[in-house]
Amino acid sequence: MSAPLGEAPRWVTAVLLPALNVSAAFLVSGLVVLLIGEDPLEVVQLLLFGAFGFGEGIGYTLFYTTNFIFTGLAFAVAFHAGLFNIGAEGQAYIGGLGVALACLHLDFLPLAVLIPLALAGAAAFGAAWALLPGWLQAYRGSHVVITTIMFNFIAASVMVYLLVNVMSPPGSMQPESATFAEGARLPFLHDVLRALGFQAAASPLNLSFVWALICCALVWVLIWRTPLGYALRTLGANPTAAVYGGMSPRRLTVIAMLISGALAGSLAVNEIMGNQHRLILEFTAGYGFVGIAVALMGRSHPVGICLAALLFGALYQGGAELAFEKPQITRDMVVVIQGLIIFFAGALENLFRPRLVRLFTPRARQALLEEA
Amino acid sequence: MTGERQPPVIELVGISKSFGAVRANRDISLAVERGTIHGIVGENGAGKSTLMSILYGFYQADSGEIRVNGERRTIDSPDAAIAAGIGMVHQHFMLVDTFTALENVVLGAEGGLTLKHGLARARQALIDLERDYGLEVPLDEPVGELTVGQQQRLEILKALFRGADMLILDEPTGVLTPAEANHLFRILRQLKTQGRTVVLITHKLREIMSITDNVSVMRRGEMVETLATAQASPEKLAELMVGRRVLLRVDKSARAPERDILKVENLSIRDEDGVTRVNDVSFTVRAGEIVGIAGVADNGQSELLQALSGMRPFDAGTVTIDGHRLDPHASDNYRLREWGVAHVPEDRHRMGLVVPFEANENVLLGYHRERDYRRGPLLDRRAIIEDTARKMEKFDVRPSFPRLKTSLFSGGNQQKIVLAREIEHDPDLLLVGQPTRGVDIGAIEFIHRRLIELRDAGKAILLVSVELDEIQSLADRILVMFAGAIVGECAPGVSENELGMLMAGVTPGESA
Amino acid sequence: METLGALFLLLDSALRLSVPLLFACLAGLYSERSGVFDIGLEGKMLGAAFAAGAVAGVSGSAWLGVLAALAASLGLALLHGFACITHRGNQIVSGVAINILAVGLTAQLGATWFHQGGQTPSLSNDARLLGLDWPGAEQAAGVPAIGQFYSEVVSGHNVLVYLAYLAVLLTWWVIYRTRFGLRLRATGENPAAVDTAGISVTWMRYRAVACCGLLCGFAGAYLSVGQSAGFIRDMTAGKGFIALAALIFAKWRPVQAMGACFLFGLLDALAIRLQGVPLPGIGEVPVQFMQAVPYVLTVILLAGFVGRAVPPKAGGIPYTKDER
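Chains as they are written, first to last, in numbering that gives the first Met the number 0: chain A, 0 to 371; chain B, 0 to 511; chain C, 0 to 323.
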């Protein structure tokens with residue numbers, strides 16, 4: 000696909016620029032590593048080995064990647080419509096409730112029936128938690144950034160209450176639900192592969208990974224190949240033009256938030272039905288916020304989001320291995336790197352962009368345009 | 000009438016300025032004499048505002064120098080311009096709506112670390128200035144609650160308070176009623192008699208002729224000529240502005256109108272603040288005619304057009320389009336295109352185009368639900384791009400690349416994309432606002448011809464324009480809007496004088 | 000006088016709990032009034048709390064700790080400014096990044112330096128800011144009502160508590176009565192007007208962001224060397240966001256900010272007080288319910304059903320001079 004005339008080639012903005020931003024983030028992270036007295040190169044080696052060096056590691060990496068794909072897509076869909084949904088954390092948390100209710104109360108159903116129901120439950124609960132912020136933005140003008148922040152905290156309170164007082168099985172002091180029955184768990188991918196006759200190391204990677212990839216494709220089709228996606232992008236780029244084009248910004252705002260919330264909620268399938276097999280406190284662990292970075296780095300495109308999610312997945316898994324090998328470095332180092340990547344790829348995206356664009360926009364193209 | 004030996008108040012020598020590939024100002028020289036009103040005219044995009052922004056220190060010139068009272072000065076910030084005695088009234092007012100008028104005036108000239116004394120001193124100074132120049136502005140009201148005229152006078156006060164010896168006004172009458180504009184001109188003359196200098200940027204030749212002493216004409220970033228207004232005529236200025244004699248009339252044959260397409264009865268529209276913008280308006284547009292709506296900008300035409308195109312709710316009255324009643328709450332505007340309504344909006348950047356999109360995606364705007372552009376539930380990209388290529392060729396859009404980003408087309412070509420989209424869908428009713436705003440001469444003729452063709456094909460057209468020439472040469476009937484009401488209807492042969500009177504709210508029979 | 004005593008205890012505790020909210024809320028006020036949205040209050044507070052805990056722990060001086068807190072928070076604030084003002088980056092994204100960075104850095108550095116799982120060493124009383132007993136407080140305690148109020152509620156706090164409430168008055172004066180305040184408010188409403196008046200928007204916003212950083216520094220220092228004896232992982236626990244909620248609740252005005260922060264502090268104090276205590280007629284109120292109230296109230300306010308919170312008009316939008 001060739002770039003439109005008069006702009007930098009697409010590989011510059013889609014590949015080189017994010018690469019540069021991430022490099023800058025890693026460079027600063029390297030300084031932090033130096034500060035705590037470790038060798039950055041050795042750390043990188045351990046990280047990469049931890050993430051990709053052995054079967055189990057790869058499984059974990061892809062397991063985390065799955066989470067980031069969901070939250071990245073969630074942010075991206077709303078972002079295309081000009082909305083800043085930073086409530087994926089809360090939406091995913093509440094999504095967990097949908098999964099758990101399905102898995103706990105419908106476990107008499109065959110798995111093939113239960114899985115779609117659990118997926119629907121996660122999506123529906125996530126969407127429901129995004130509905131009110133979306134509605135308030137659309138009809139009352141309350142800024143979605145602030146309301147989604149508030150809803151994250153409200154979700155946290157609701158979930159603590161439910162897990163402590165309602166869902167915790169009688170006699171248990173643990174703030175968590177009962178464990179799901181064997182027949183109400185999403186199969187691990189290594190089990191599936193073994194059943195098919197392949198060898199695979201055990202890891203929490205489960206069938207949600209496949210669902211995440213399907214969601215990527217669906218989001219791509221939605222955004223670039225459907226009238227609804229076109230309307231969402233128009234709203235994001237120019238709300239007045241959207242009205243001119245016969246679209247309803249209010250309706251679209253609510254729809255975008257619903258889709259976004261549903262995608263965020265789907266994270267819970269991976270964590271709760273695929274790995275934990277019970278509803279626990281704070282299983283979202285900040286994945287929702289990292290989704291912002293994933294989407295920004297991936298330029299809100301599903302392919303970019305997959306790659307960025309893989310990067311963060313590798314960081315998570317590699318970071319865990321690293322913390323194990325190097326007692327001086329904790330898993331928080333990964334959080335530092337995340338913060339820096341969000342900072343460089345998101346907040347400081349204008350640091351390199353203008354220079355890069357100028358460098359790579361061919362003069363011949365500009366001249367051609369001026370002639371016209 | 001200028002001082003004999005005195006150096007000019009302001010002298011610009013060889014100013015050039017580029018924005019990327021766009022050369023906004025090329026080697027411009029200009030001298031403004033003390034105690035005069037100096038007009039600068041030119042079409043949109045001629046570089047007038049850029050030049051004045053350089054003078055006010057908002058931009059830095061790439062080359063050239065600025066002399067104030069004969070001395071070379073570096074003006075690299077608005078602060079430096081203020082220090083050099085230059086004040087500016089921007090087209091979009093630079094006021095803080097939540098502040099009082101008084102607070103707005105002292106902003107940047109507080110006279111100390113705390114406000115108390117500065118405010119008191121400023122109040123006294125302002126009362127004096129208001130008296131000297133007839134600038135009535137309530138000082139203690141939030142600026143957001145003042146009228147446009149009051150806000151503009153406040154801008155003038157701001158400049159005078161900061162000691163402006165020379166005042167630049169950028170398109171000051173665009174938003175004013177005729178009465179307010181007259182008030183403004185009285186103030187400007189008063190400033191002149193007190194020895195101050197005024198630079199008036201406008202594209203309205205009538206204003207230039209009536210108030211300025213000297214006039215400079217700009218075209219495509221260059222200074223074409225400076226002459227005494229007494230030696231100028233509107234025709235001559237127009238010719239200088241566009242570079243050749245303008246064809247003001249378009250050939251068109253007579254055509255008998257047919258059935259009613261658009262029927263507007265007692266339409267009233269209030270804006271978000273509850274101010275009535277359109278007041279009890281009734282008219283019809285029939286198939287095979289162009290009805291023009293003339294009027295000074297901001298007399299309700301924009302709101303009318305937006306309501307008729309379903310973009311804005313209305314408060315009273317009925318709108319019937321080819322038998323369909325329009326919902327006053329503007330909740331069904333997506334249906335209008337199915338009813339055969341097309342709309343070329345006044346402000347193509349804000350409404351008619353999504354500038355960061357590719358051209359083909361803009362051809363889709365408003366028609367994204369259409370079956371021709373779809374394959375099942377999905378959009379048919381190939382069909383859309385092919386259709387775009389066809390439309391671009393037909394409307395001579397250059398360059399004719401359907402996948403080019405819309406922002407990279409020139410203003411005229413962007414407008415052609417909008418027109419191609421709207422006209423090629425073969426509408427029964429076309430609503431057009433300012434079709435040639437910011438469009439080069441060649442494209443203007445092209446656009447006018449297309450509109451006439453559409454009318455000859457038996458379509459109904461409602462044309463809103465502030466350009467009288469355009470209205471007079473295209474319309475079969477002219478309605479004049481003033482203060483939200485239709486104050487008269489004329490034939491296209493009406494004299495400009497009579498039309499002007501109507502636009503100023505003077506109905507025939509009354510004395511001016 | 001049993002109930003009165005309980006009430007005073009509650010007020011006393013509300014006052015203490017409102018202090019970090021109040022500092023952070025005023026911090027946000029400076030920044031947002033200048034048009035720079037800041038959801039990174041939480042991160043700056045956390046960074047400051049860590050710096051104060053660490054430096055006070057190592058040096059044994061509470062005041063050096065406070066200085067370190069101010070420096071750390073200022074640094075993060077300037078980082079926000081660098082991204083959002085100089086490079087016109089997205090203010091929300093930058094805030095999120097700073098929050099995450101602060102969580103990671105404080106935990107990692109804490110673990111590296113102090114080997115206590117991310118905590119800083121427990122501070123001796125010398126290295127903390129202790130309560131100041133006001134003259135006559137002890138004697139007054141015997142006097143019912145007024146005396147009790149004086150000794151229980153007014154007296155006995157550390158210096159930062161009083162500073163927080165002084166900061167309200169100071170902020171009110173600065174915002175409404177000084178040149179800086181006038182320009183600050185104008186920058187948040189219409190930066191182009193400020194620019195054309197010959198004032199640098201960039202410089203104004205940097206100063207506002209710096210004020211924000213310093214105040215967040217006090218908020219963080221209060222947490223680790225005032226209220227507690229050392230830094231604990233994630234010790235801000237969402238206070239930065241409650242402060243943000245309070246700022247919206249106060250519609251970006253200083254005195255109202257004080258009211259909102261005290262209200263939210265009171266809710267917090269009540270939540271602690273009522274834990275496990277059944278209320279007559281209602282039963283036991285879940286503590287999570289009390290914790291969620293500030294957020295719910297803010298959402299209701301934002302929805303415009305009671306009053307309307309209109310943020311500064313230019314908030315969130317980077318200022319660019321040329322629109323070409």
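Note that these hints are calculated values from the structure, not bench results.
One or more hints might be untrue.
Unchecked claim - Simulated restraints, written as ranges between beta carbons of each label pair: (1) Arg272/C to Gly273/B: 44 to 54 angstroms; (2) Pro141/B to Val165/A: 43 to 53 angstroms; (3) Lys312/C to Ser494/B: 44 to 54 angstroms; (4) Arg249/A to Asp279/B: 23 to 33 angstroms; (5) Arg249/A to Thr85/C: 33 to 43 angstroms; (6) Asn265/B to Arg249/A: 25 to 35 angstroms; (7) Asp38/A to Ser123/C: 34 to 44 angstroms; (8) Asp38/A to Thr85/C: 26 to 36 angstroms; (9) Arg334/B to Ala284/A: 18 to 28 angstroms; (10) Phe323/A to Ser123/C: 32 to 42 angstroms; (11) Lys312/C to Gly322/B: 41 to 51 angstroms.
Unchecked claim - No farther apart than 30 angstroms at their CA atoms in a straight line, the calculated lysine-lysine pairs in the DSSO-like style are these: (12) Lys404/B to Lys393/B; (13) Lys250/C to Lys320/C; (14) Lys115/B to Lys312/C; (15) Lys191/B to Lys203/B; (16) Lys250/C to Lys115/B; (17) Lys404/B to Lys250/C; (18) Lys203/B to Lys312/C.
Ideal Cβ placement from N, Cα and C applies to all residues, glycine included.
Inset, instruction - Give me the numbers of the hints this structure contradicts, sorted from smallest to largest. - result: 9, 17, 18
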